[in-house]
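K.L.:
Take these sequences, add in the hints, and give me the full structure.
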Amino acid sequence: MKKVWVAILIVCMVSMIPMLAGAAAKPGFDDKEIRIGQWGPQTGPAAPWGSVARGSDILFKIVNDEGGIHGRKIKYFIRDDQYNPAQTKGIVKELVEREGVFAFVGGVGAACGMAVKEYLMQNKIIWVGPSTAIIEYVFPVNPYLFAVYPLYEDEASILTKYAVEKMKADKIAFFYQNDAYGKSGLTGCKARMAVLKKKLVEEISVEPGEKDLSSQMLRLKNSGADTVIMWVNPTSAAIALKTASTIGFKPQWISSNTLSDYVLMNKITGGMWEGVITGAFAVPPDSNIPLMVKYREATKKYAPEERWGTFYMAGILYAEPLIEALKKTGRNLSTEAVLKQLNSIKKFQGIGPPVTWSAGVHQGTDAIMIQKCGPNSTYITLQDWTSNELATWKKKK
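If you want my numbering, it's the 1-based position in the sequence shown plus 3.
Warning: the hint list may mix true and false statements.
Cut-off 25 Å, straight-line C-alpha distance, at most; resulting in silico cross-link-like pairs (PhoX-like, lysine-lysine) [unchecked claim]:
#1 K169 x K120
#2 K174 x K201
#3 K303 x K64
#4 K330 x K35
#5 K330 x K350
#6 K330 x K343
#7 K297 x K76
#8 K164 x K397
#9 K92 x K186
#10 K64 x K304
#11 K78 x K224
#12 K164 x K224
#13 K331 x K76
#14 K171 x K253
#15 K253 x K201
#16 K375 x K193
#17 K169 x K375
#18 K120 x K92
#19 K201 x K169
#20 K127 x K349
#21 K214 x K164
#22 K78 x K35
#23 K214 x K270
#24 K64 x K78
#25 K174 x K186
By construction, these hints were calculated from the structure, which means they are not laboratory data.
P.N.:
And the structure:
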């Protein structure tokens with residue numbers, strides 16, 4: 004009988020271990036560490052964007068080497084979701100419920116982020132700097148989500164204005180990914196065109212994993228477009244340029260900042276990226292401002308195998324405001340305390356645009372730079388930080 008009771012006791016204790024572990028992990032931190040997570044496509048069609056998640060790691064390593072956040076070191080988790088919203092769901096659930104993360108940073112993919120946005124809010128998990136920019140993230144305000152990235156609608160509006168007023172583009176077409184990311188860009192472009200009393204000569208969509216773009220490129224050519232603004236992933240952009248070239252279609256290509264890593268884009272397009280104009284959410288990666296130099300040197304030290312570029316440094320940019328808020332919070336850490344600091348950030352600037360948040364508005368900026376890919380993948384700045392004067396959301400600040 005005694006053996007039976009011992010066995011029952013052991014079974015009960017073993018069954019309680021996951022519960023106890025979960026309870027211990029819930030706050031997302033302890034006296035020695037703060038747990039932060041990120042998903043990102045390390046493989047699959049959007050793998051070139053995977054360096055965003057790896058880039059954040061550099062900032063966390065710098066912070067840890069400098070003593071951490073009031074004595075606590077950052078423990079960082081990266082997970083590959085292959086740009087698949089279904090996988091993002093599983094990853095986020097695992098990191099929240101098993102690893103007990105305190106906050107998320109970055110996170111590539113509009114559809115991927117939308118798949119977990121409500122879950123994170125329900126579990127009161129802070130999410131700073133989504134690596135995409137759709138209005139559904141921030142309006143109505145989500146008390147736990149803080150956007151660093153300028154909205155795609157604002158960026159597309161600014162780029163469209165530049166194309167019409169500065170480049171004197173006459174026939175503009177829009178080529179976009181058939182999801183929230185692509186459609187947001189299209190919305191911003193069309194809003195600006197309406198103000199300018201112009202219309203697109205063509206608007207064509209593509210599925211994220213589509214490989215044959217011959218029909219889309221032929222339609223763009225037949226539209227007579229002299230300028231094509233595209234809101235697609237890197238692989239789709241490469242296929243588009245190569246396909247367009249085979250049919251003798253060579254417009255001025257303009258892209259969102261999602262394709263502003265010129266070294267990478269030149270590599271996957273076989274050198275065809277030169278001359279492409281893009282938005283930019285950060286100063287050029289070859290800039291010699293002190294903060295950029297610090298980050299480049301840290302990358303050589305901590306991740307010499309990585310190529311320093313726009314997508315990689317984006318991971319740093321998205322995480323900078325969270326680190327700022329954690330430092331300001333002090334040793335008495337809690338979700339509520341960090342939210343208070345995030346909601347009081349005013350004109351914080353790292354390597355990206357100035358960021359301002361309030362309790363009523365969690366879209367941090369509407370400003371972009373405009374750059375052009377020059378010879379040997381160099382960055383030519385065409386226009387400095389520019390805001391979208393049509394952005395109606397700013398009236399809520």
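K.L.:
Indicate, hint by hint, whether the structure satisfies it.
P.N.:
Here is how each hint holds up against the structure:
For the hint linking K169 to K120, the alpha-carbon distance of about 38 Å lies beyond 25 Å, and the restraint is violated. Distance check on the hinted pair: K174 and K201 sit about 9 Å apart at the alpha-carbon level, within 25 Å; holds. Simply put, K303 and K64 have alpha-carbon atoms about 12 Å apart, close enough for the 25 Å limit, and the pair holds. For the hint pairing K330 with K35, the CA-to-CA distance comes to about 15 Å; that is within 25 Å, so the pair holds.
With a C-alpha separation of about 16 Å, the suggested pair K330 and K350 falls inside the 25 Å cut-off, and the hint holds. As the CA atoms of K330 and K343 are separated by approximately 12 Å, the hinted pair is consistent with the 25 Å bound. Using a Cα cut-off of 25 Å, the hinted pair K297 and K76 holds, with the two alpha carbons roughly 20 Å apart. The suggested pairing of K164 with K397 holds, with an alpha-carbon distance near 19 Å, which does not exceed 25 Å.
About 22 Å separates the Cα atoms of K92 and K186, which keeps this hinted pair within 25 Å; it holds. Distance hint between K64 and K304 is fulfilled; the C-alpha atoms sit about 10 Å from each other, no more than 25 Å. Distance restraint check for K78 and K224: the Cα-Cα separation of roughly 50 Å exceeds the 25 Å cut-off, and the hinted pair is therefore not satisfied. Among the hinted pairs, K164 with K224 is consistent with the structure: their alpha-carbon atoms are about 22 Å apart, no more than 25 Å.
For the hint linking K331 to K76, the alpha-carbon distance of about 15 Å falls within 25 Å, and the restraint holds. Restraint check: the Cα-Cα separation between K171 and K253 comes to about 17 Å, which is no more than 25 Å; the hinted pair holds. Taking the CA atoms of K253 and K201, the gap is near 22 Å; set against the 25 Å cutoff, the hint holds. A C-alpha spacing of about 23 Å is found between K375 and K193, which places the hinted pair at or below 25 Å, so the restraint holds.
Note on K169 and K375: the hinted pairing holds, with a Cα-Cα distance of about 14 Å set against a maximum of 25 Å. For the given pair, K120 sits about 10 Å from K92 by alpha-carbon distance, which is consistent with the 25 Å threshold. Taking the CA atoms of K201 and K169, the gap is about 15 Å. The hint holds against a cut of 25 Å. With a C-alpha separation of about 23 Å, the suggested pair K127 and K349 falls inside the 25 Å cut-off, and the hint holds.
Taken as a hint, the K214 and K164 pair is broken in the structure, with Cα atoms around 31 Å apart against an allowance of 25 Å. For the suggested pair K78 and K35, the alpha carbons sit about 10 Å apart, so the restraint of at most 25 Å is met. Distance restraint check for K214 and K270: the Cα-Cα separation of roughly 18 Å lies within the 25 Å cut-off, and the hinted pair is therefore satisfied. Restraint check for K64 and K78: satisfied, since their Cα atoms lie roughly 9 Å apart, inside the 25 Å limit.
Between K174 and K186 the CA atoms are separated by roughly 20 Å; this keeps the pair inside 25 Å, and the hint holds.
The earlier numbered hints that this structure contradicts are 1, 11, 21.
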